[in-house]
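Visitor: Chain by chain, the residues run as shown.
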Amino acid sequence: MDRVEQLIAKCDGLSAFPHTVISVASMLADGSYNPDEMERLIRTDEALSTAVLRAVNSAFFGVPGKLFELKDGIVRLGSKRLTRIVLDHKTDELFVDAGAAYGLRRHGLWRSSVAGAVAAEMLAEKHQACDPSQAYIAALLRDIGKLAIESSLGSDALAGVSSDDAGGLGFIDSERAALGVDHPEVGAALAKKWELPDELCGAIRSHHAPPAPGEEGASALNDVVHAADTVAMWSGLAIGDDGLCYRLADHVEESLGIKRKEIEGETAETWFRVREIESLIGIEPQQGAA
Amino acid sequence: MTTLLAPTKPNTKGDIVVGVADIAVTDDPAARLVTYALGSCIGVTIYDAEACVGGMLHFMLPQAKACPGRAESRPAMFGDTGIPMLFDALEDLGARRDRMTVCAAGGAEIIADNGHFKVGARNRTLLRKLFWKNNILLSGEETGGTLSRTLFMRMSCGTVAIRNKSEERTLWTA
Numbered sequence: 007m008d009r010v011e012q013l014i015a016k017c018d019g020l021s022a023f024p025h026t027v028i029s030v031a032s033m034l035a036d037g038s039y040n041p042d043e044m045e046r047l048i049r050t051d052e053a054l055s056t057a058v059l060r061a062v063n064s065a066f067f068g069v070p071g072k073l074f075e076l077k078d079g080i081v082r083l084g085s086k087r088l089t090r091i092v093l094d095h096k097t098d099e100l101f102v103d104a105g106a107a108y109g110l111r112r113h114g115l116w117r118s119s120v121a122g123a124v125a126a127e128m129l130a131e132k133h134q135a136c137d138p139s140q141a142y143i144a145a146l147l148r149d150i151g152k153l154a155i156e157s158s159l160g161s162d163a164l165a166g167v168s169s170d171d172a173g174g175l176g177f178i179d180s181e182r183a184a185l186g187v188d189h190p191e192v193g194a195a196l197a198k199k200w201e202l203p204d205e206l207c208g209a210i211r212s213h214h215a216p217p218a219p220g221e222e223g224a225s226a227l228n229d230v231v232h233a234a235d236t237v238a239m240w241s242g243l244a245i246g247d248d249g250l251c252y253r254l255a256d257h258v259e260e261s262l263g264i265k266r267k268e269i270e271g272e273t274a275e276t277w278f279r280v281r282e283i284e285s286l287i288g289i290e291p292q293q294g295a296a
Numbered sequence: 029m030t031t032l033l034a035p036t037k038p039n040t041k042g043d044i045v046v047g048v049a050d051i052a053v054t055d056d057p058a059a060r061l062v063t064y065a066l067g068s069c070i071g072v073t074i075y076d077a078e079a080c081v082g083g084m085l086h087f088m089l090p091q092a093k094a095c096p097g098r099a100e101s102r103p104a105m106f107g108d109t110g111i112p113m114l115f116d117a118l119e120d121l122g123a124r125r126d127r128m129t130v131c132a133a134g135g136a137e138i139i140a141d142n143g144h145f146k147v148g149a150r151n152r153t154l155l156r157k158l159f160w161k162n163n164i165l166l167s168g169e170e171t172g173g174t175l176s177r178t179l180f181m182r183m184s185c186g187t188v189a190i191r192n193k194s195e196e197r198t199l200w201t202a
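Residue numbers (my numbering), protein chains in the order written: chain F, 7 to 296; chain R, 29 to 202.
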């Protein structure tokens, strides 16, 4: 058993991707789901039912003076929004207390993941690079390796790892030197264990170093998730001890046709959309006075 | 009388936490202003000991024109709208420019960002241009690099410090 397998085997609480997400995603996949069956499935998860009801009765979707029941809410939200609420809610359950090993506060790993997901969807749409929904999921799950490392090695796993760029090492190199593994490869192994599609495993594995066009494993999805990870850092949403100690792959700017002025607008838009998602699924915004 | 920006009350620990794209001012001498995990964003603190007022801004991007449709609803997100807002709000509370102590931290960059993005560097440039134009000198500053920084200011004495992991450094003290 190699180091990555050993580490994954020790993740007791991460043996499977949340069942509800898989079931909801497969019911929604062909766009012709039965609202009664969907209601029965979502009702089995009390916290998720509450999140769906909160969303459908929120200022974004609600009607003043009218309170929607769960089944009406499912119909009203539609498949795309419902999928997002399920994904965002269930990943918060997974990530809520994780991230301390990387210097993140409560909800920090989730907030950073959602920021990347929102940015990936925007970049995929704008540059018509790949399927925006797939980009959203891949970016949302890109840091599950951090979750696995913390889960198996504890919150002080990286206590001695420097996040400074002294010597030109990126954080991935420092992480690998300290642990013998890095979070993208551990994340890809966990995604494989969860039986997620190969494209998602590949995007998770290469989110800090996507192969250049022509190289094995190169894809627009990988480039989008990588660029979205950088946008999430610029948006300032949940920067950890690893800081900004990562590299932006040289080819990505050209392959996606990203322009500086546009990327700053997308960075700002990411922040606004994460705020909206926090509100929709009932998470306190990042602490602040305003 | 209404103020430009009402003073923020500290939480039960005595902290006023300033989030990303956020601004806060206070006249509470027992409060501590704090903003966590500055990456490419920049945190700016201003303190006037005599008026006992201080404030903090955590801006994300240099210019509001990057996001014209949304910028008005969140002026603290941008340096060119947030920094004047912080000065104006503190003057409104009784601070005077000739007594102000100004510090800044953040503006980090991803490694080898040789492209055209350089968000941290553009934030730093905006900060310097704006302060130079207005004859404002920074009393303490730690910007650049790749580090994440947490920025504090104690209202009891105006001391400004930054922390990275468990290491704390003073940027300015009376």
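I should point out that these hints are in silico values taken from the structure, not numbers from a laboratory.
Think of the CB as a built atom: it goes at the ideal place given N, C-alpha and C, for glycine as much as any other residue.
Check before you lean on any hint, since a few could be wrong.
[What the hints assert, rightly or not] Only pairs whose alpha carbons sit at most 27 Å apart, straight line, appear in this in silico DSS-like list of lysine-lysine:
(1) 146/R x 161/R
(2) 146/R x 157/R
(3) 86/F x 16/F
(4) 72/F x 86/F
(5) 198/F x 77/F
(6) 265/F x 132/F
(7) 265/F x 193/R
(8) 72/F x 193/R
(9) 267/F x 41/R
(10) 41/R x 146/R
(11) 267/F x 132/F
(12) 146/R x 93/R
(13) 265/F x 16/F
(14) 157/R x 132/F
(15) 93/R x 132/F
(16) 267/F x 161/R
(17) 193/R x 267/F
(18) 37/R x 93/R
(19) 146/R x 265/F
(20) 16/F x 132/F
(21) 265/F x 93/R
(22) 146/R x 193/R
(23) 16/F x 199/F
(24) 93/R x 41/R
[Stated by the list, open to error] For each label pair, taking beta carbons as the anchor points, the in silico distance ranges come out as:
(25) 57/R x 165/F: 50 to 58 Å
(26) 267/F x 156/R: 15 to 23 Å
(27) 72/F x 164/R: 19 to 27 Å
(28) 194/R x 179/F: 43 to 51 Å
(29) 166/F x 202/R: 54 to 62 Å
(30) 291/F x 201/R: 53 to 61 Å
[To be verified] Derived list of chain R stretches under chain F, where covered just means 3 residues or more per stretch with a C-beta under 8 Å from a C-beta of chain F:
(31) 39-50
(32) 145-153
(33) 157-169
Visitor: Are the hints correct? Go through all of them and say.
Guide: Now for the hints, and whether the structure bears them out:
At most 27 Å may separate the alpha-carbon atoms for a hinted pair to count; residue 146/R and residue 161/R meet this at roughly 22 Å. Simply put, residue 146/R and residue 157/R have alpha-carbon atoms about 16 Å apart, close enough for the 27 Å limit, and the pair holds. Taken as a hint, the residue 86/F and residue 16/F pair is broken in the structure, with Cα atoms around 34 Å apart against an allowance of 27 Å. For the suggested pair residue 72/F and residue 86/F, the alpha carbons sit about 23 Å apart, so the restraint of at most 27 Å is met.
Proximity of residue 198/F to residue 77/F is assessed by CA-CA distance (about 33 Å); at most 27 Å being required, the pair is judged violated. Among the hinted pairs, residue 265/F with residue 132/F is consistent with the structure: their alpha-carbon atoms are about 12 Å apart, no more than 27 Å. A hinted pair counts as satisfied when its Cα atoms are at most 27 Å apart, and residue 265/F with residue 193/R does not qualify at roughly 34 Å. With a C-alpha separation of about 48 Å, the suggested pairing of residue 72/F with residue 193/R is violated against the 27 Å cut-off.
Restraint check for residue 267/F and residue 41/R: the C-alpha separation of about 40 Å exceeds 27 Å, so the hint is violated. For the hint pairing residue 41/R with residue 146/R, the CA-to-CA distance comes to about 36 Å; that exceeds 27 Å, so the pair is violated. Proximity of residue 267/F to residue 132/F is assessed by CA-CA distance (about 14 Å); at most 27 Å being required, the pair is judged to hold. Taken as a hint, the residue 146/R and residue 93/R pair is honoured in the structure, with Cα atoms around 17 Å apart against an allowance of 27 Å.
Of the supplied pair hints, the one linking residue 265/F and residue 16/F is violated, its CA atoms being roughly 43 Å apart against a limit of 27 Å. For the hint linking residue 157/R to residue 132/F, the alpha-carbon distance of about 33 Å lies beyond 27 Å, and the restraint is violated. The suggested pairing of residue 93/R with residue 132/F holds, with an alpha-carbon distance near 19 Å, which does not exceed 27 Å. Taking the CA atoms of residue 267/F and residue 161/R, the gap is about 24 Å. The hint holds against a cut of 27 Å.
In summary, the hint linking residue 193/R to residue 267/F is not supported, as the alpha carbons are separated by about 33 Å, beyond the 27 Å threshold. For the given pair, residue 37/R sits about 31 Å from residue 93/R by alpha-carbon distance, which is inconsistent with the 27 Å threshold. Among the hinted pairs, residue 146/R with residue 265/F is consistent with the structure: their alpha-carbon atoms are about 12 Å apart, no more than 27 Å. The suggested pairing of residue 16/F with residue 132/F is violated, with an alpha-carbon distance near 40 Å, which exceeds 27 Å.
Restraint check: the Cα-Cα separation between residue 265/F and residue 93/R comes to about 15 Å, which is no more than 27 Å; the hinted pair holds. A distance of roughly 24 Å separates the Cα atoms of residue 146/R and residue 193/R; the hinted pair therefore holds under the 27 Å criterion. Using a Cα cut-off of 27 Å, the hinted pair residue 16/F and residue 199/F holds, with the two alpha carbons roughly 13 Å apart. A C-alpha spacing of about 37 Å is found between residue 93/R and residue 41/R, which places the hinted pair above 27 Å, so the restraint is violated.
With their beta carbons about 36 Å apart, residue 57/R and residue 165/F fall outside the hinted range of 50 to 58 Å. For residue 267/F and residue 156/R, the hinted distance range of 15 to 23 Å is satisfied, since their beta carbons lie about 21 Å from each other. Between residue 72/F and residue 164/R, the C-beta spacing of about 53 Å breaks the proposed range 19 to 27 Å. The given range of 43 to 51 Å is broken by residue 194/R and residue 179/F, whose C-beta atoms sit roughly 22 Å from each other.
Checked against the hint of 54 to 62 Å, the pair residue 166/F and residue 202/R fails, with Cβ atoms roughly 35 Å apart. A beta carbon spacing of about 32 Å between residue 291/F and residue 201/R contradicts the range 53 to 61 Å that was offered as a hint. With 7 residues having a Cβ less than 8 Å from any Cβ of chain F, the stretch 39-50 of chain R passes the three-residue criterion, so the hint holds. Given a C-beta distance limit of less than 8 Å, the hint that chain F covers the stretch 145-153 of chain R holds, as 3 residues qualify and 3 suffice.
Under the rule that three or more residues need a Cβ within less than 8 Å of chain F, the assignment of the stretch 157-169 of chain R is violated, with 0 such residues.
Violation of the numbered hints given earlier is confined to hints 3, 5, 7, 8, 9, 10, 13, 14, 17, 18, 20, 24, 25, 27, 28, 29, 30 and 33; the remaining hints are satisfied by the structure.
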